[in-house]
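Number of protein chains: 2
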Amino acid sequence: MENFSQWYHNILEEASIIDSRYPIKGMSVWLPKGFKLRKHIIEPLKKLLDKDHEEVLFPLLVPEDELAKEGIHVKGFEDEVYWVTHGGQKELNKKLAIRPTSETAMYPMFSLWVRSHIDLPMKFYQVVNTFRYETKHTRPLIRVREITTFKEAHTVHATKEGADEQVKEAIKIYKEFFDTLAIPYLLSKRPIWDKFPGADYTMAFDTLMPDGKTLQIGTVHNLGQTFAKTFDITYETAESTHDYVYQTCYGLSDRVIASVIGIHGDEKGLRLPPQIAPNQVTIIPIIFKKGGEEVLNKCEEIKSSLESSNIRTSMDNRDIRPGKKFYEWELNGSPIRIELGPRDLENNKAVIVRRDNLEKIEIDLESDYVSKIEEIFQEISENMKNQVWEKMNDSIISTESLNNVNELIKDEKVVSFTWCGDEECGKVIEEITEIDILGTQSEDSDYCKDIDGSKCVHCGKEGKYTALMAKTY
Amino acid sequence: MENFSQWYHNILEEASIIDSRYPIKGMSVWLPKGFKLRKHIIEPLKKLLDKDHEEVLFPLLVPEDELAKEGIHVKGFEDEVYWVTHGGQKELNKKLAIRPTSETAMYPMFSLWVRSHIDLPMKFYQVVNTFRYETKHTRPLIRVREITTFKEAHTVHATKEGADEQVKEAIKIYKEFFDTLAIPYLLSKRPIWDKFPGADYTMAFDTLMPDGKTLQIGTVHNLGQTFAKTFDITYETAESTHDYVYQTCYGLSDRVIASVIGIHGDEKGLRLPPQIAPNQVTIIPIIFKKGGEEVLNKCEEIKSSLESSNIRTSMDNRDIRPGKKFYEWELNGSPIRIELGPRDLENNKAVIVRRDNLEKIEIDLESDYVSKIEEIFQEISENMKNQVWEKMNDSIISTESLNNVNELIKDEKVVSFTWCGDEECGKVIEEITEIDILGTQSEDSDYCKDIDGSKCVHCGKEGKYTALMAKTY
Numbered sequence: 057m058e059n060f061s062q063w064y065h066n067i068l069e070e071a072s073i074i075d076s077r078y079p080i081k082g083m084s085v086w087l088p089k090g091f092k093l094r095k096h097i098i099e100p101l102k103k104l105l106d107k108d109h110e111e112v113l114f115p116l117l118v119p120e121d122e123l124a125k126e127g128i129h130v131k132g133f134e135d136e137v138y139w140v141t142h143g144g145q146k147e148l149n150k151k152l153a154i155r156p157t158s159e160t161a162m163y164p165m166f167s168l169w170v171r172s173h174i175d176l177p178m179k180f181y182q183v184v185n186t187f188r189y190e191t192k193h194t195r196p197l198i199r200v201r202e203i204t205t206f207k208e209a210h211t212v213h214a215t216k217e218g219a220d221e222q223v224k225e226a227i228k229i230y231k232e233f234f235d236t237l238a239i240p241y242l243l244s245k246r247p248i249w250d251k252f253p254g255a256d257y258t259m260a261f262d263t264l265m266p267d268g269k270t271l272q273i274g275t276v277h278n279l280g281q282t283f284a285k286t287f288d289i290t291y292e293t294a295e296s297t298h299d300y301v302y303q304t305c306y307g308l309s310d311r312v313i314a315s316v317i318g319i320h321g322d323e324k325g326l327r328l329p330p331q332i333a334p335n336q337v338t339i340i341p342i343i344f345k346k347g348g349e350e351v352l353n354k355c356e357e358i359k360s361s362l363e364s365s366n367i368r369t370s371m372d373n374r375d376i377r378p379g380k381k382f383y384e385w386e387l388n389g390s391p392i393r394i395e396l397g398p399r400d401l402e403n404n405k406a407v408i409v410r411r412d413n414l415e416k417i418e419i420d421l422e423s424d425y426v427s428k429i430e431e432i433f434q435e436i437s438e439n440m441k442n443q444v445w446e447k448m449n450d451s452i453i454s455t456e457s458l459n460n461v462n463e464l465i466k467d468e469k470v471v472s473f474t475w476c477g478d479e480e481c482g483k484v485i486e487e488i489t490e491i492d493i494l495g496t497q498s499e500d501s502d503y504c505k506d507i508d509g510s511k512c513v514h515c516g517k518e519g520k521y522t523a524l525m526a527k528t529y
Numbered sequence: 057m058e059n060f061s062q063w064y065h066n067i068l069e070e071a072s073i074i075d076s077r078y079p080i081k082g083m084s085v086w087l088p089k090g091f092k093l094r095k096h097i098i099e100p101l102k103k104l105l106d107k108d109h110e111e112v113l114f115p116l117l118v119p120e121d122e123l124a125k126e127g128i129h130v131k132g133f134e135d136e137v138y139w140v141t142h143g144g145q146k147e148l149n150k151k152l153a154i155r156p157t158s159e160t161a162m163y164p165m166f167s168l169w170v171r172s173h174i175d176l177p178m179k180f181y182q183v184v185n186t187f188r189y190e191t192k193h194t195r196p197l198i199r200v201r202e203i204t205t206f207k208e209a210h211t212v213h214a215t216k217e218g219a220d221e222q223v224k225e226a227i228k229i230y231k232e233f234f235d236t237l238a239i240p241y242l243l244s245k246r247p248i249w250d251k252f253p254g255a256d257y258t259m260a261f262d263t264l265m266p267d268g269k270t271l272q273i274g275t276v277h278n279l280g281q282t283f284a285k286t287f288d289i290t291y292e293t294a295e296s297t298h299d300y301v302y303q304t305c306y307g308l309s310d311r312v313i314a315s316v317i318g319i320h321g322d323e324k325g326l327r328l329p330p331q332i333a334p335n336q337v338t339i340i341p342i343i344f345k346k347g348g349e350e351v352l353n354k355c356e357e358i359k360s361s362l363e364s365s366n367i368r369t370s371m372d373n374r375d376i377r378p379g380k381k382f383y384e385w386e387l388n389g390s391p392i393r394i395e396l397g398p399r400d401l402e403n404n405k406a407v408i409v410r411r412d413n414l415e416k417i418e419i420d421l422e423s424d425y426v427s428k429i430e431e432i433f434q435e436i437s438e439n440m441k442n443q444v445w446e447k448m449n450d451s452i453i454s455t456e457s458l459n460n461v462n463e464l465i466k467d468e469k470v471v472s473f474t475w476c477g478d479e480e481c482g483k484v485i486e487e488i489t490e491i492d493i494l495g496t497q498s499e500d501s502d503y504c505k506d507i508d509g510s511k512c513v514h515c516g517k518e519g520k521y522t523a524l525m526a527k528t529y
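Taken in order, these protein sequences are the chains called A and B.
Using my numbering, you'd call the opening residue of the first sequence number 57 and step up by one each time.
Using my numbering, you'd call the opening residue of the second sequence number 57 and step up by one each time.
No lab work stands behind these hints, which were simulated from the structure alone.
Relax, there's no trap hidden among the hints.
Remember, identical chains collapse to one label, so a pair may be satisfied in a single copy or spanning two.
Derived lysine-lysine pairs resembling DSS-like cross-links, with alpha carbons at most 30 Å apart:
| hint | residue 1 | residue 2 |
| --- | --- | --- |
| 1 | 131 | 150 |
| 2 | 441 | 92 |
| 3 | 151 | 125 |
| 4 | 354 | 103 |
Isolated chain A, as found in the complex:
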């Protein structure tokens, strides 16, 4: 996309997603249409988590001493935390942090809740706002000071294996969620200098935005026993001994919504996969002076049929030109538009226009058109998914030398390379290329090269990993 940044800014405004004129930098208002989109994106995630997680809600504020307990963790956030120092006119005895994330709010309570091995595992999640005092240039939904849609899950396990298994399980849940959104992803193990502060290791999902930069859209952290030791979360084992628990946490944010908007959108506006579109079908009656009422009635009838099959349907019978309606609904990303005029009615037909590829399909209104539309939903989802995955996969290129990396990256590429895995060497690679290492690939990754005999691109030592690098948001 020629000027993604400008396009992105415009679409948020034109499709009435958010209003970023709020008088604090990096904080925006969710407008009604944006709020609905947000809701329909959160819903399938909640459904996935509700299977075996419990939803809770923790306070926004964290006492200074709790936040400070886990040294490595607080160091990772100390430049970004907003501090509440006054209540009314009075200075507080103890400063309160606005949560940048909720480990330090939750884990003192976990310490009270966890008693015995039979309580475990525990799996919780919450959807809340969190805050980071960003000093870099902010960008709506991508780099913000109020993250309005932070979905964070926290789990507690009796064994290391339990936590390891949960990391896999969380990855599976996120993959399923991203598939619902038709968002392609790269899964990496973050380099040690880029893991979550306090975690043993971090698995991260990145997607590729149209400007060639990758966007982190989800992370899964294996916390080991670090926080358990800090917050004294112990349990009684079956043998009546006491041990520290093992923990994981995993999160997603507004960035997921940014990726849906950015990756699927085109010059006409949003394109939304049917499962998350607030309006799945939009019916537009084409009305002339004569026979207008019959057309409207038929449109109402179609609307009722679709709604009784739980298809979210709007009918746009405003008194404006159909062309203006087409324009608006394409902008809003409604996956299917149905047009029905007097001649269509005579023939008992209607015209479906797919938003994903603008294809027109005639449907017979005497047939089971509801099932037909459900089929088309499937096709749209598949088509959108294939398109974006293909595009991303085409953008991954392998290199054996650092010399041409900046040239490769210019063409909106993610670069895969062999790495020895040493921290020192990795940091040098990032420094000389000024490009970030996303992380290392596991052997079952699509992006993992056969590294037998390959040498590290920088030091020439024996290659240990296939790693990915990219310009990042």
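Here the structure of chain A is known, so what remains is to put chain B in place on it, guided by the hints.
Using the frame of chain A, we list chain B on its own:
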């Protein structure tokens, strides 16, 4: 109730609603069960509002200068606002308030959004957390520092009549909502010294808690043009002139949830109206060694039938004594329990136990028992509603003299009296009785006496209003 305060504290803990051991006073954690109850209480309200309001989401933080703009308003909140003064290690150039309510966050944006009379009316709502630095004794869900469930609606109108009409409409919506919860209410126009800071007038819903104190559970404010003038919210009229808009706002909080818990609960625990109960039906198989599987199968079958009619059903097949299960589900307030043992199965019967009155009803499993259960839901709702309304109405007593007010109030009463309506006189009445005037009754109120010829209880001047007074939370 003998010791309501103790009972309330216990039930929150025993029914796992919230955990108030969070290390900041007045801020609590919603536990999974409590979170579900909260969700099912919010849902019917959202449904009512979604008919013609749009859901939005505004930032949590408000710049100091916006908060300070409306002088009367800020004065009402200045002792209660939490202030964010630092981002990371740096002091912020401009202090940020954590919203105590969102007028000053929203109205600068409304000023950008409202252009022409054709944009009006606009009706928005959001469900968010808000903060008050309470210095009084806090009490979970009732007097808190983080209000976690603040539903605030804000509307904008072209005319005074539009705003007046919306106040009536909001009252209608809240009445319908409270009816769904089977919560009785007193509707009053708050005395002028107790209205929302910045409003023309405030209509308030109070309910009577078991300890005889009233609890404000909802307010509707007619803001007139005060905020419009402060935040410069104008529109172009049909005649191309410009005028300030008229506004209303109305809100509810966690206190609604407190009232459901407090008013319906009994010595066995929660009692929940079916419409908002997370578990509407709980099936408890009574299993002996022989025939256990058949009983379980039948229970599963009943569960499926109920769920296919969208009845939220749990089956408790834990390996513990039935008595313990009965105890727990009564504590959790599940409206209907179904018990099924081998002998019941033989006779193709089951026993229903109603939580509201503990009545046992035998049902024939060959009949349309799903409809029967839906009927019982209706009866439970009606019964609960009648019970609590009757109790509240029996607690309202009329007096013609202030002398015996404190005596009357001791017996858990709300006192109705004739008042001249003068502010000075009203404040004296509050001072000498140490009891709050809730407000005045409109003529169509159930609690409005015929005041023809009645004299003000304090000054003896001609009576103008029937007013209510009570000890309040």
